[in-house]
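S.K.: Here is what each chain is made of, one letter per residue.
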Amino acid sequence: MTETRTDGGRPAGHHDRVRQPPPLPVVPIVLFGVTVAALVGRYAFELLVGTNEAVQTWSTVFVAIVLQAVPFLVLGVLLSAAISAFVPEGALARVLPRRPAAAVPVAGVAGGVLPGCECASVPVAGRMVAGGVPAPAALAFLLSAPAINPVVLVATAVAFPQNPEMVAARAVGSLAVALVMGWLWSVLGRPGWLRPPRPAHAQGGTRGERFRTTLQHDFLHAGGFLAVGALAAATLNVVVDPAWTAGIGGVPVVSVLVLALLAVVLCVCSEADAFVVAGLSGFSLTAKLAFLVVGPAVDLKLVAMQAGTFGRRFAQRFAPATFVVAVAVSAVVGGILL
Amino acid sequence: MNRLVAPILLFVLGAVAVQLVVFGNYVDYVRPGHGPLLAIAGALLMAAGLWGVVAGLRAASGASAEEPASAARLARARAHTRGPLAADRATLERLRAEEQAEGHDHSRLPGVGWLLVLPVFLVLLVPPPALGAFAAGRAGAEVPRPAAVATDRLAGPDPVPVELHDYAERAAWDEGRTLAGHSVVLTGFVTPREGGGWYLSRMVISCCAADARSYLVEVAGAAAAEVPTRNSWQQVTGTYTPGDGPHAARITAQQVRSVTAPQDPYELP
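Heads up: the sequence lines are chains A and B, in that order.
Quick note, the first sequence lines up with residues 1 to 338 if you use full-length UniProt numbering.
Quick note, the second sequence lines up with residues 1 to 269 if you use full-length UniProt numbering.
Honestly, the hints are just simulated from the structure, not real lab data.
Here the structure is a predicted model, which is why all the values come from computation and not from measurement.
Each hint should be verified, as a subset may be incorrect.
[What the hints assert, rightly or not] Here are some, though not all, of the chain A residues that point toward chain B, as calculated from beta-carbon distances under 8 Å:
no.: 1; residue: Leu67
no.: 2; residue: Val70
no.: 3; residue: Cys269
Where a beta carbon is used, it is the ideal one built from N, C-alpha and C, also for glycine.
Generate coordinates for the entire structure from the input sequences, incorporating the hints supplied.
M.R.: So, in structure tokens, the structure goes:
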């Protein structure tokens, strides 16, 4: 609560204390922390991680997911910081058509130019909303960018040398999911569900300063939630029996659902998911398409990052809806194209 | 998260990424092709971190009154002591919005970022090893179905070095047609087999260790009677023998030799 009432009874010196908050001795604290970590940390961690192979596997997978995502996260955060620092407020929104019905497909197709995976698109979409882009258009961008960019489509073509139609099916399917979700949000979405990131413009300061603070903020934010997702994915990777998909491949509807769920759990980067699913034996092409369409739209790390960027109330509604739409779209597109 | 701690964390994370690439350990986690990307991203993070530390130190050493957050605090103090009219309304509104924005204020950095300390500590203090027998043994001995089995003849004079997953695929999904009549050399780590015996095994990654698939080749023959140490790296020279069970791979060893772990523990598809 901000206290704005007059309050004459304050002790003298209060004013000065507020003006000059005692600076935290950050550097000594950090040095102390590093020293303690170096002295004790190794033994503490060895006790925890030790030679237990399950724990070691868990930490390998966790570190791998973070390292694999970091370059794409940096790319996305550089873009989001550039948007907040150099693109005038409202400029992105003015480029898009006024009506959401038309803005959604434009933003969805524009997603095809961001050569990254889903980690890059979350901070960018967050800055788009903060910069005044209507939420449905930003969400269409969020869903289409990791799925239909050239890098991902080429990777898909390489992974499916026998089935070039997979590339078309993936592009069509993912774009359809992005558009459907954008339109759905513009019809059904309530303003209170989505908590937009605060625009950096309100911060004042020079452009360089805005760039730096946004970069720092968005990286720690998206990176932190990436770590949350990586923790969950690594845990499932070690806990869930990898044989659970065996024997389901032949059952038509169930196999689609199973690969869609696998995509949510595995959190494979969209630039690699085609290689992963191509190696799964016994599944129909439609089921594999569901894996490719669901993965870049809904997976554990992505849901965690969305919840962090747009609020938990948003992710609670958006992620399940996207999952349902993505599975349905995959079934339809797979039925027609594959 | 504090204004100075945040850039330090960025710097350290970037430094860890660069260090992993420089010393080559990154291949335990991601595919080799990822190295340059990781190095560039790490260098950028280090630069951003340094920039943040410098800016933070400059702000701390006197210029802080011009910082927006301090301006807001100052305005609040003025309103506090002299009444609401002493500070301009917009500043106060912004201050209130900042306080209600649950950490969405850029000067108060997101606490969830602290989780990034975890990979840094893991890599620096107890570097997780490349995936081994635990991961390899989980999926069972059935060789994953390849998109297309290689049918080209093995290159070179016998004994031919063959990638373990290539051997497993040719053996399990092509009945060893292109392997028969050759003496091959396989390199992998030891995964003990339930009920006796052992597998020579290797993980294949497309992107990172999270998408690893395991390939196991049962090692048979008198030369392999003694089970080597779990997770130790071995080189097996032998000939193709049909595996037991559908899509299982096996080799009859003429020679088993202990070797050092290869620089790149994973094979690429």
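S.K.: So, for every hint listed, does it hold in this structure?
M.R.: Status of each hint after checking the structure:
Because the smallest distance between the Cβ of leucine 67 of chain A and any Cβ of chain B comes to about 5 Å, under 8 Å, the interface hint for this residue holds. With its C-beta approaching chain B no nearer than about 5 Å, valine 70 of chain A sits inside the 8 Å limit, and its interface hint holds. The beta carbon of cysteine 269 of chain A is positioned within 8 Å of a beta carbon in chain B (closest approach about 6 Å), and the interface hint is therefore held.
Checked against the numbered hints listed earlier, the structure breaks none of them; every hint is satisfied.
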